[in-house]
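Could you build the full structure based on these sequences and the hints that come with them?
Chains A and B are the protein sequences, given in the same order. Numbered per this note's numbering, the first sequence finishes at 81, counting up by one with no gaps. Numbered per this note's numbering, the second sequence finishes at 147, counting up by one with no gaps.
Any given hint might turn out to be false.
[Said to hold, decoys possible] Mimicking EDC-like on lysine to aspartate or glutamate, the simulated pairs with C-alpha atoms at most 16 Å apart in a straight line are:
no.	chain 1	residue 1	chain 2	residue 2
1	B	Lys124	B	Glu48
2	B	Lys131	B	Glu69
3	B	Lys65	B	Glu125
4	B	Lys131	A	Glu71
5	A	Lys19	A	Asp47
6	B	Lys124	B	Asp45
7	B	Lys58	A	Glu11
8	B	Lys62	B	Asp113
9	B	Lys62	A	Glu11
10	B	Lys124	A	Glu11
11	B	Lys58	A	Glu58
12	B	Lys62	A	Glu71
13	B	Lys40	B	Asp142
14	B	Lys129	B	Asp38
15	B	Lys58	A	Glu71
16	B	Lys65	B	Asp38
17	B	Lys131	B	Glu57
18	A	Lys19	A	Asp63
19	B	Lys124	B	Glu50
Everything labelled a hint here was simulated from the structure, so no lab data went into it.
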Amino acid sequence: MDVLYFAWVRERIGLPREKVETQAATVAALVEELRAREERYAAAFDDLSALRVAVDQELTDFDAPLAGVREVAFFPPMTGG
Amino acid sequence: MRVVVQEPPFDFGAEAARFAAGRHDMGAVVTFTGIVRDQKGGGLDAMEIEHYPGMTEKALEKIAKEAVERWSLGDALVIHRYGRMEPGEQIMMVATAAPHRKDAFEAAEFLMDYLKSRAPFWKKEFSAKSKTWVAARDEDEDALRRW
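Printed below as a string of structure tokens:
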């Protein structure tokens, strides 16, 4: 699936998007896999309360299932307007 | 209903005039414009707004549709820019048309409250001293509860 990063999450990880091969059942399980990769991922996902997640472009939470999902995005709370 | 996400500036006067024109059944049109605000005492060189192409349009359309249904609006308009802007530049505007002003005002506030914390935009401020992502404010999240 495609995993996208925005704002300081993108800066911390150092790329805007990547393809990830995963069997993770939920967003939380995907986060655990990413955290275990490298320090920059661990740093970006250090505090989940500071992060928001969208699955297939809909806001959701970290318990959301990933079966059949094409796109997951991680980002800080939004500041539009 | 119209939702526009674009990088270049928009013409607020022309957009407002076009939105208000030719409405015989709508007694009220409310517009709001958000502007890049300099820091106290100056010092802000620019603001950069990042967004999530695809999700941004969907989120704004969902919010606008909800406003139209909930306040029985005749029409709603949302224009939001992304990219680099300097202090004084217009970032975004909303417009609502309703038979009576209370609905037009309320729907415009609802649109603003929702797109502040539910539309995928992120602001970064640039000054000589620093580059800082603007933090979301608790008040903005609280503002959603009244709806």
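Is the hinted pair Lys124/B and Glu50/B satisfied, with a Cα-Cα distance of at most 16 Å?
8 Å, holds
Between Lys58/B and Glu71/A, is the straight-line Cα distance small enough, at 16 Å or below?
15 Å, holds
Check the hint pairing Lys58/B with Glu11/A against an upper bound of 16 Å on the C-alpha distance.
Distance ~25 Å between Lys58/B and Glu11/A Cα, so the pair is violated.
Can the restraint linking Lys19/A and Asp47/A be considered satisfied, given a maximum Cα separation of 16 Å?
The given pair, whose Cα atoms are some 23 Å apart, is violated under the 16 Å limit.
Restraint check for Lys65/B with Asp38/B, where alpha carbons must lie at most 16 Å apart
33 Å, violated
Between Lys124/B and Glu48/B, does the CA-CA distance stay at or below 16 Å?
Measuring from Cα to Cα gives roughly 5 Å; hence the hint holds.
Hinted pair Lys58/B and Glu58/A, Cα distance within 16 Å:
9 Å, holds
Holds or violated: Lys40/B to Asp142/B, with C-alpha atoms at most 16 Å apart:
Status violated; Cα separation ~25 Å.
For a C-alpha distance cap of 16 Å, please report whether Lys129/B and Asp38/B respect it.
14 Å, holds
Could you grab the alpha-carbon distance between Lys131/B and Glu69/B and see if it respects the 16 Å cut-off?
40 Å, violated
Are the Cα positions of Lys131/B and Glu57/B separated by 16 Å at most?
The hint is violated at about 27 Å.
Checking one constraint from the list: CA of Lys62/B to CA of Glu11/A, max 16 Å. Satisfied?
29 Å, violated
Checked against the numbered hints given earlier, the structure breaks hints 2, 3, 4, 5, 7, 9, 12, 13, 16, 17, 18 and satisfies all the rest.
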